[in-house]
Every structure is written in structure tokens, then in C-alpha cells.
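Those sequence lines, one after another, are chains A and B. Position one of the first sequence corresponds to residue 1 (this note's numbering), numbered consecutively onward. Position one of the second sequence corresponds to residue 1 (this note's numbering), numbered consecutively onward.
Worth flagging that the hints you see were computed from the coordinates, not collected in a lab. Incorrect hints may have been included.
Unchecked claim - What follows is a list of derived Cβ distance ranges for each label pair:
id, chain 1, residue 1, chain 2, residue 2, range
1, B, Gly526, A, Leu125, 38 to 44 Å
2, A, Gly417, B, Gly526, 36 to 42 Å
3, A, Arg214, B, Ala126, 40 to 46 Å
All figures in this text were calculated on a predicted structure; none of them were measured in a lab. Think of the CB as a built atom: it goes at the ideal place given N, C-alpha and C, for glycine as much as any other residue.
Residue strings, one per chain:
Protein chains: 2
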Amino acid sequence: MAELRIALAQIDTCVGAIDQNTAKILEWTRRAAGEGAHVVAFPEMTLTGYPIEDLALRASFRRAAWAAAADVAAQLEREGLGGVTVVLGTVGTAGTPDTPERAASGAPADLPTNRAVVIQHGEVLAAYDKHHLPNYGVFDEFRIFAPGTEPLVVEIEGRAVGIVICEDIWQDGGPITTLGGLDEAGHGIDLLLVLNGSPYEEGKGHVRTDLAARRAAEVDAPVAYVNMVGGQDDLVFDGGSFVVGPDGSVLTSSPQFVEDLLVWDLPARTSSADLTGTAPATVYPTGRIAPPLHPDEEVYRACVTGLAGYVRKNGFRSIVLGLSGGIDSALTATLAADAIGGQNVVGVSMPSSYSSEHSKDDAADLAKRLGADYRVQPIAPMVEAFQGELALEGVAEENLQARVRGVVLMAISNREGHLVIAPGNKSELAVGYATIYDAGSIGGYAPLKDVDKSRVWALARWRNDAALDAGEIPPIPESSITKPPSAELRPGQTDQDSLPPYDLLDEVLDAYIEHAEGRAELLARGFDPEVVDKVVTLVDRAEWKRRQYPLGPKVTSLAFGRDRRLPVTSRWREPAE
Amino acid sequence: MAELRIALAQIDTCVGAIDQNTAKILEWTRRAAGEGAHVVAFPEMTLTGYPIEDLALRASFRRAAWAAAADVAAQLEREGLGGVTVVLGTVGTAGTPDTPERAASGAPADLPTNRAVVIQHGEVLAAYDKHHLPNYGVFDEFRIFAPGTEPLVVEIEGRAVGIVICEDIWQDGGPITTLGGLDEAGHGIDLLLVLNGSPYEEGKGHVRTDLAARRAAEVDAPVAYVNMVGGQDDLVFDGGSFVVGPDGSVLTSSPQFVEDLLVWDLPARTSSADLTGTAPATVYPTGRIAPPLHPDEEVYRACVTGLAGYVRKNGFRSIVLGLSGGIDSALTATLAADAIGGQNVVGVSMPSSYSSEHSKDDAADLAKRLGADYRVQPIAPMVEAFQGELALEGVAEENLQARVRGVVLMAISNREGHLVIAPGNKSELAVGYATIYDAGSIGGYAPLKDVDKSRVWALARWRNDAALDAGEIPPIPESSITKPPSAELRPGQTDQDSLPPYDLLDEVLDAYIEHAEGRAELLARGFDPEVVDKVVTLVDRAEWKRRQYPLGPKVTSLAFGRDRRLPVTSRWREPAE
Numbered sequence: 001m002a003e004l005r006i007a008l009a010q011i012d013t014c015v016g017a018i019d020q021n022t023a024k025i026l027e028w029t030r031r032a033a034g035e036g037a038h039v040v041a042f043p044e045m046t047l048t049g050y051p052i053e054d055l056a057l058r059a060s061f062r063r064a065a066w067a068a069a070a071d072v073a074a075q076l077e078r079e080g081l082g083g084v085t086v087v088l089g090t091v092g093t094a095g096t097p098d099t100p101e102r103a104a105s106g107a108p109a110d111l112p113t114n115r116a117v118v119i120q121h122g123e124v125l126a127a128y129d130k131h132h133l134p135n136y137g138v139f140d141e142f143r144i145f146a147p148g149t150e151p152l153v154v155e156i157e158g159r160a161v162g163i164v165i166c167e168d169i170w171q172d173g174g175p176i177t178t179l180g181g182l183d184e185a186g187h188g189i190d191l192l193l194v195l196n197g198s199p200y201e202e203g204k205g206h207v208r209t210d211l212a213a214r215r216a217a218e219v220d221a222p223v224a225y226v227n228m229v230g231g232q233d234d235l236v237f238d239g240g241s242f243v244v245g246p247d248g249s250v251l252t253s254s255p256q257f258v259e260d261l262l263v264w265d266l267p268a269r270t271s272s273a274d275l276t277g278t279a280p281a282t283v284y285p286t287g288r289i290a291p292p293l294h295p296d297e298e299v300y301r302a303c304v305t306g307l308a309g310y311v312r313k314n315g316f317r318s319i320v321l322g323l324s325g326g327i328d329s330a331l332t333a334t335l336a337a338d339a340i341g342g343q344n345v346v347g348v349s350m351p352s353s354y355s356s357e358h359s360k361d362d363a364a365d366l367a368k369r370l371g372a373d374y375r376v377q378p379i380a381p382m383v384e385a386f387q388g389e390l391a392l393e394g395v396a397e398e399n400l401q402a403r404v405r406g407v408v409l410m411a412i413s414n415r416e417g418h419l420v421i422a423p424g425n426k427s428e429l430a431v432g433y434a435t436i437y438d439a440g441s442i443g444g445y446a447p448l449k450d451v452d453k454s455r456v457w458a459l460a461r462w463r464n465d466a467a468l469d470a471g472e473i474p475p476i477p478e479s480s481i482t483k484p485p486s487a488e489l490r491p492g493q494t495d496q497d498s499l500p501p502y503d504l505l506d507e508v509l510d511a512y513i514e515h516a517e518g519r520a521e522l523l524a525r526g527f528d529p530e531v532v533d534k535v536v537t538l539v540d541r542a543e544w545k546r547r548q549y550p551l552g553p554k555v556t557s558l559a560f561g562r563d564r565r566l567p568v569t570s571r572w573r574e575p576a577e
Numbered sequence: 001m002a003e004l005r006i007a008l009a010q011i012d013t014c015v016g017a018i019d020q021n022t023a024k025i026l027e028w029t030r031r032a033a034g035e036g037a038h039v040v041a042f043p044e045m046t047l048t049g050y051p052i053e054d055l056a057l058r059a060s061f062r063r064a065a066w067a068a069a070a071d072v073a074a075q076l077e078r079e080g081l082g083g084v085t086v087v088l089g090t091v092g093t094a095g096t097p098d099t100p101e102r103a104a105s106g107a108p109a110d111l112p113t114n115r116a117v118v119i120q121h122g123e124v125l126a127a128y129d130k131h132h133l134p135n136y137g138v139f140d141e142f143r144i145f146a147p148g149t150e151p152l153v154v155e156i157e158g159r160a161v162g163i164v165i166c167e168d169i170w171q172d173g174g175p176i177t178t179l180g181g182l183d184e185a186g187h188g189i190d191l192l193l194v195l196n197g198s199p200y201e202e203g204k205g206h207v208r209t210d211l212a213a214r215r216a217a218e219v220d221a222p223v224a225y226v227n228m229v230g231g232q233d234d235l236v237f238d239g240g241s242f243v244v245g246p247d248g249s250v251l252t253s254s255p256q257f258v259e260d261l262l263v264w265d266l267p268a269r270t271s272s273a274d275l276t277g278t279a280p281a282t283v284y285p286t287g288r289i290a291p292p293l294h295p296d297e298e299v300y301r302a303c304v305t306g307l308a309g310y311v312r313k314n315g316f317r318s319i320v321l322g323l324s325g326g327i328d329s330a331l332t333a334t335l336a337a338d339a340i341g342g343q344n345v346v347g348v349s350m351p352s353s354y355s356s357e358h359s360k361d362d363a364a365d366l367a368k369r370l371g372a373d374y375r376v377q378p379i380a381p382m383v384e385a386f387q388g389e390l391a392l393e394g395v396a397e398e399n400l401q402a403r404v405r406g407v408v409l410m411a412i413s414n415r416e417g418h419l420v421i422a423p424g425n426k427s428e429l430a431v432g433y434a435t436i437y438d439a440g441s442i443g444g445y446a447p448l449k450d451v452d453k454s455r456v457w458a459l460a461r462w463r464n465d466a467a468l469d470a471g472e473i474p475p476i477p478e479s480s481i482t483k484p485p486s487a488e489l490r491p492g493q494t495d496q497d498s499l500p501p502y503d504l505l506d507e508v509l510d511a512y513i514e515h516a517e518g519r520a521e522l523l524a525r526g527f528d529p530e531v532v533d534k535v536v537t538l539v540d541r542a543e544w545k546r547r548q549y550p551l552g553p554k555v556t557s558l559a560f561g562r563d564r565r566l567p568v569t570s571r572w573r574e575p576a577e
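Bound conformation, chain A alone (with noise of 0.2 Å):
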């Protein structure tokens, strides 16, 4: 029995582009084939995109995506690479509603899976769908999806592949359960190949590998892990893929953020004499492996490669927001640049008679590192004519300001087609020092919205650095970085007027927000009373202004951590015990 060379096909899919999805399968297994690939492995639901949610439901969608199907394979058979065996990942349908809630609920008859398929010369040979479908945080998988109930091997070559999705190896007692036997002959699987669709979530690399790394000692052979890449939606899949033998050790491994195609040699198995325990075991060879990122730079390629993706995926080129002078837009213009180029970027700069004249300084020299179309736009004209009318004072005139400026930026984008996208970090989103509407929280995407103020500043020392190291301008003005964060939106303000510093806030935040922490269990953490009461009312206010006003960007850890869905009235506040 020879070597089997397998190709984890680590690609950037979109929900709904069947086609583009369809002719992406078709290029790299024409790559993977000319590698000398036996099996090419995609990620989870490749040919519809994922999460797709109740796009499942709807009957034309899952015909187009049955024909699809069909097509790669006659596809790859008339280019005489039928010998090719192809996994690849899309919409199934489990016939009859799984339960009976379901059925009670009018659920289509034919309740969607979320499957595997296996393609070899013309035809879609077999099928596995999806056991555990995870409705936790960000993943609704329960709510459209029937389960599986079956397990599956195929025979590539001779070789026993057991093929699973994602969260059927998140938990004991899966699937992989009745991999781990020895079938008639006294073999077991020779491979375990994982179809993943993983978000994103800061250092969930290892925790991936170690959990890959126990499967692959309970089924006793290597695991293969594919994961898709790139931005949909508010998610980020950073690819990471990798091989994992029996013992532990990663054999292989792909970057994350880019695609990639990572090909690898299962060995020739030995003979069934081994079994006696007197021949030494399989020695599984070891191929390239990508180095891990330094955090910092890990969250920075995340945020480019989201907003990279929403941007291109909802078919825009370019994008306008406005440039304060701050560290927050000062960095959302650099993702921006670094994600679809400077000169796609066009940052606008629209003083008040509040704004100090070093922060158009810095507006206009972060647009020249970055190569922007920069403009500015005064609002003192449109302000004074609303004022004429309405005469607003205190926060009502601060807001008015700033409600201006996202006009502006949406009659920009409306007149020239670019997505107007909003700098507001997740500090200030979550204690509500922002404005509904305004230029900060308008807008298609907010790329800072899970990145807190903290974070902030280390992302902008961490982008300027690489910069310096590569020999280039470091793109963000060492005064944006330095000075104290500032609205501008009344004479001397700061942040710190109406907030903790930031470093503490931030710790605050994560407890309370990330970790659903209770009053009692912040102080317990050693947290000042005072701090905590702050934060806590003005997270809680902060919040219930944004659920009544459902309009603003989501905020909480959307791509980094949790979802979170509350209700709109909720009048639950933290008790003061």
C-alpha cells in the first residue's frame, strides 16, 4: 500500500456565491491535483459558505446548491481529474424533521443538514452529515440544521478515511467514538479528516491542536484539520490548518489569514504483522509548519482580514470615514488601508470650531503615510443653520455635531458608492461615550467594535513598529498615539472627564461583559467599589440605550468572544446587592 497524499484546501468562501464558491473547489483541486494530491479536503460548507442561517430554509437555495454538487463532479471527470477524490462541505437535507417540536413548528418537511460530500470520478459517492450542531454564542446551527446520526468511513485508495464536521471533535462521546475500533480485517482508520468552519478567537490556535491531538490517540491515527479563512459577515476565520498524528505532535501546519494549500503524505501502512506489537509503530513524516504571530499582530491581521471581507463580499471598493486626529480612526484608517489599499481609503476630516489644529494636523498627515483621498469638510455651516432652528444646548448641541458629520459621510457615500465604516472601539461602545448616528457608529462595519481602548493603542505601537522594522513610514502619527483621547466635542474635553482610566476600565469591562460577571464577583476580584458602580451603571445604561435604539454597531465580542442576545426592555441592572 503506497503513501496517500492528501491537500487541505484552506480557502476564503462567501454565503450565497454558489458559483464562485463552485469554480474557487474546481481551481484548487486542479492545484491540489497537479501537487500529485490522492484527496483534496475543503472546509466546512464550502459550496454554500458559512454561517449561512436561514438562507438553509429556503428551498432554491438548497437546489442550487444540490445542482452544484453535481456539477463539480462531472466537472472535474470531463477534465480528467475524476481520479481525484474531493470532500467538500454544503447543504444537505435529512428528509423528515428531526423532532417533533420542529414539526410542530411547520419546519419544511425536509429539514437541511449541514454535510459532507465525497466526489470521485463524476459522482457524489457518499455523504456525511453533521452530529453536533452547536447553538451556543455565535453559532445558530440547532435552530436550522437537522443532525446526523450516522457515521462515516471511505476508502481513498485503500486507506480508511473517516470523515467528520468541526464540532462533531469538540466533545467526548462524538462520532469519533466509533472511529476508534478495529474493523473485521483488525484495522482501524488510517485518517481522520475534519471539516471546520472555527471563528477566530485570540490564541483558540492551541486549543485546537491540543483537542485534534486527543482524537487523534483515541481514533490512533493522524487528524487533519481544514479550516476556512477570511471575513463574513461580523466573523473572522483565520485558516490555521494543520496535521496532528497520534503522539501529539503537529506534523504540518498552514498560516492563518491567507489561503493556503497544505499537502501532506499519510505513509504506507505497514503490514498487519505490526499488530503483534513487535514492529515499530508508523512513523509519520513531518512537513512545514507556520510559525505562530506575536499577539498583537494576530488581532491586527484579524480586524484587516473581517474587514477585507465585508467590504469585498458585500461588493464594495473603497471605503470613507471620518478622521478625527484620534488613535481610533487614526487605526481604522490603517486596517482599512491595510485591507483593501490607501488608496481605496478616503478619510474625511470635518473640524468644529472644537477641533484643536493638531488634530487636522494629524488627520492630514495619517492620510499622506497612507496614501488617502483626504478631504475637509467644515460642519460649522450646517451646524449653525440647525442651530438657527433649534437653538440645542449641552449634550443635545454635542450630539448635533456630531450627527452632522455622519450625514456628511453617508451623502459622501451615497454620491460615490464607498462604505462608510465606523471607528467607535469597544470601550467607549460599551459605556455609551458615543452618539446614535454619529460619524463614529454609523456605517456598515465597525472594525474597533470588539477591540477594546487598550487594545487599541497596543495595535497602532504594534502596526508602526512592523513598519519601522520593514523599513517603511510607520503609518499612524506618533501624536495620535501619545495624546489624551478627546471627542472634541466641548473646549477642553477628555475621555477621562467622564471615565476610569482606561487600562482599569478595560479590566472592568472584560470581567463584566466577557466573563457575565456579577457586582459581587467584581469586587470579590479586588476591583475599587466606586470603579465598579461607574462602570457597571454606565454599561448597563450604555447598553439598554443601544438595544432601544437598535441601530447602533453590536458590540459585544462579536468576532472575538461571545455573542451576546438581550432583550431590547430588559430592565435588569446589576444589583447593588
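For chain A, the structure is supplied; the task is to place chain B on it using the hints.
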């Protein structure tokens, strides 16, 4: 064995407002006791409000709910009402994660449950955890709760009462099946009590009573169905509690859309000799029956209930909206006046150079009829200030006017504390006949987001006729109902310049959006292919734009139909075949 007097307390709770819900439970228990009831039953999740979504995952919230249940028990005992059995809904805990995937996801060790508790003589006597957790449409219960596995039958005044929660009766094979048999003494249960949080859908009343009748026949005992009432976020609960006998007849019922205490006597048990079959079957008494509402009245009152709940539960006392003189803002203002009183409604006419005289007259006339605070705020000075700087043309200019109106409303809201509401209707939002961030789409709540344009006219006519019948002045000026609809953003513009006639449009929208039909099914219904292509293209494009800018009001039938979650970036378009 004497009669058992039961009271169904159809009350309006608020999510998160544990203290307020507790007070209401005490108040209605006193009322029930005053009526001589032995048992009072409250709706699903009474103490916590419903639906609580991810709030269930916050430990400090759960602790507060558990303390409140003990408080209710102790307080009733102190008041000498410990002999009244109280059945109410709250959040429980399952002790351990129910499924391995949840355990793997890092879910808390004590997953919450959707619980009913039985309180008597100062103690929580028994608990039942909902078995069937709906996770489709507007429901997310599998996401947050662990399912119960045990049935519950409690003895109240010597009678066997089975208790289940909402979805538990919606399927065959649920916990009901274990309640249908006879116990060792040859008795089955005497009554099945169902606690509900069943959202309003048009015509759902009959579905509920038919279903409950089936379960009553199965357990051979009456089913007492208590439902919550009131608006909560984007859901409307209509009440309509009832008791149905095992022969399928509705024995008594509460009206929809109001709080109500429905008292009914379960007759004394006939002797066991009856089991010989020779004795007559139990005769169940008939109480008051609420007459059914006219379909337009039902929808109208659902809209009023939803809006009233949203305003009050979010802590507002007044509303501001733009009045264009058109039918949508006229109906929205009338709904608002019915929800919170005309004196609490601020209507702002914001004429531009394209506004017709009759529009301004109609807006003023409407405000006068409603007793609303009426203001005129021309937008020309602000539009001219923007145009002096930006020189916009075409759609960008139209959108500018619309957005300036949005800023005016938000400024008035900031200054005076009113909630901004949006008058956009379902048809125009569905086809994108609206501007992002304009006066028709900004705000916290869009009362007509689930009402198509044909229905808008029908509701307006119904409301005016109802006023005439009551000898009152019809609130909506006749010309707002009869004139051709127009956005008045350019000279002579009407909706039908760019849209099919609304009656036809609404039929296609219903099939395409509500029933998720594809192009093939639409053509098979006999719709003109040209109209189908136009509508499908408009909807796909509008939905895409709306998802790109996740800030407009949600459109698809949250209150009256299916919730739909779709990926923002989906490239899927209904194919031409």
C-alpha cells in the same frame, strides 16, 4: 370532593424587572384569593419576564430570581394567603450541562431551565422544567436552556393537577403522554395547567384552542391555558387565556390585549363508580366567553399593544415622529395616540420645497384630531447649508432631505426626552423604498414594520369607522387615506412611478418573504413574470443593503410571522430559473 376554583392571571410582565413582576404576582394573587380561588396560575416566566434570552446566562440575575420566588412564598404566608396555591414561571437550573457540546463550549455548570414552580404555605413545593425548547422563528430557547425530563403532577385540594409549559403541548409525544394514564387508584389527572408565553400571530387563537382541545381529549380532563399579554421588545403577546374541555368545547375565555383574571370552577369529582361506564360523564360549567375581534381590529390592537409596551418598558412617556401628511405617519401617530395618549405624541411636520400644501394641511389636521403636540420645522435652511458644501444631485439629494429630517427628530428627542419612532411600513421597507437613517427608518421602534401597505389602508379605515361607530371624530383625515402615496422628495413623485400597485406588490411579497417561495413557485402561482422579477430583484437588493447597514429597523414579520436571520454578506440571489 368539592369544586376547585382556579384563576388564570393573564398579566403583563417586563423582562428583567423582577421587583415589579413580583409585586404584580402578589397583587393578582390577592385578587384571586378575593374571588375565592384555590389556585392561581400565571404565565410562562412570570418572575423574570419573557423572553429573557441571554440574560438567563447571567448568574447574578438567576440568584435574584430565585430569591424573589422565596419572597413571594414568604410574603403570601405572612398575609394569610399561604393556602392559595400559586403556580408561576421563573428561571431554574439544571445542575449540569445537558449536552456534551454545551459542556465543551464552556457553558456554565449550572445551565438555566425554563421553570414553573408551585408555591403553597410559604414554600416552593414543586418545580417543573419545560421539556420542549423551541429554537425556530423568534424562539432561541435551546440556545439558553437545558430541557427538563420529568413530568409534574401536584395535588391541590385533593385534585391531581398536571403542569406543563407552552411548547410542551405543541407536539405529540411530549410530557402529556405520561399524564394521560390512570394512577393506581384508577384516577387520571383532573386538570392540565399550561403556562404560556405565546406570541401573537394573526388568527393564532383558533390554533391554540384546537391544540389544547386535542390535549384535553388525550388526558381526559380540562386544559387551562394561561397566556401572557403585552408588548415585549419586538414581540406582542395577546393573552386570550381559556379553559377547554375534553370534548373540545371552550368553556371560558379571556379577551385579547388586556390583563384579565379568568376564574373557573373545576367541578367536584364524580365517584369512582363512574368508571363502570354507567354513570354520566362529568359536566363542566361554562363561564364568560370573550367575543372574537374583527381581523383588522385584532391587528390594530396588536400594534397598539406592542408600541405601548415598548414605550413604557423602556422608560419613555412620550413619542416624537415626523408627520408627512401621508397615510403611514398618520396611522403611526394614531396608533401612538391610542397607545400612550395623544397629548404624549409630538408630531413634527418637516416640509421641503417639494412638499405639497395638502400634505402640510393633512398633517396639521391629523395632529389636531389626535390632540397631539404639533410643530412645523422647515428643512430648507439645513438642506441648503449641506448643499452649499456638498452640491448633491439625484438620489443623494433625495436622501439628504430625508436624513436632515432624521437629525431634526433625534435633536428634539435629545432635548426633550421623547422616543423617536419610525413610520416605515413593511412593503416599502421590504423593497427598499426608504433611506437609511431617514425620518422613516431611524428610531427605536417601527410600529408598521410588520404591516404591509394594503393593510395600512385597511387599518386606517377600520380605525376611522370605529370612531364613527362610537360617535367620535375619525382620527385620520380622509385625504391621507385616499390620495396616491408619495415620498415627495422630488416634484410630482408617486410610489407607483417605481413600484407595482401595492395590492399586487403585497401579494408577491407575502409569497416571497413570508413563505420563502422561490421564483419557480411564484410563477406557478400565476404572477406576471415581469412583476416577479422586479419584486424579487428589489427585495434582494433592499435586504442586502439593509444587512450591510445593520441599522435600519428589522422588517420581516417579527411580531406576526417568522423571524429570519440571514447572513449580512450573502451573495445569494433568487435564480432566474
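Checked hints:
1. B:Gly526 x A:Leu125: 38 to 44 Å: Between Gly526 of chain B and Leu125 of chain A, where Cβ atoms are some 41 Å apart, the hint holds.
2. A:Gly417 x B:Gly526: 36 to 42 Å: holds (38 Å)
3. A:Arg214 x B:Ala126: 40 to 46 Å: holds (42 Å)
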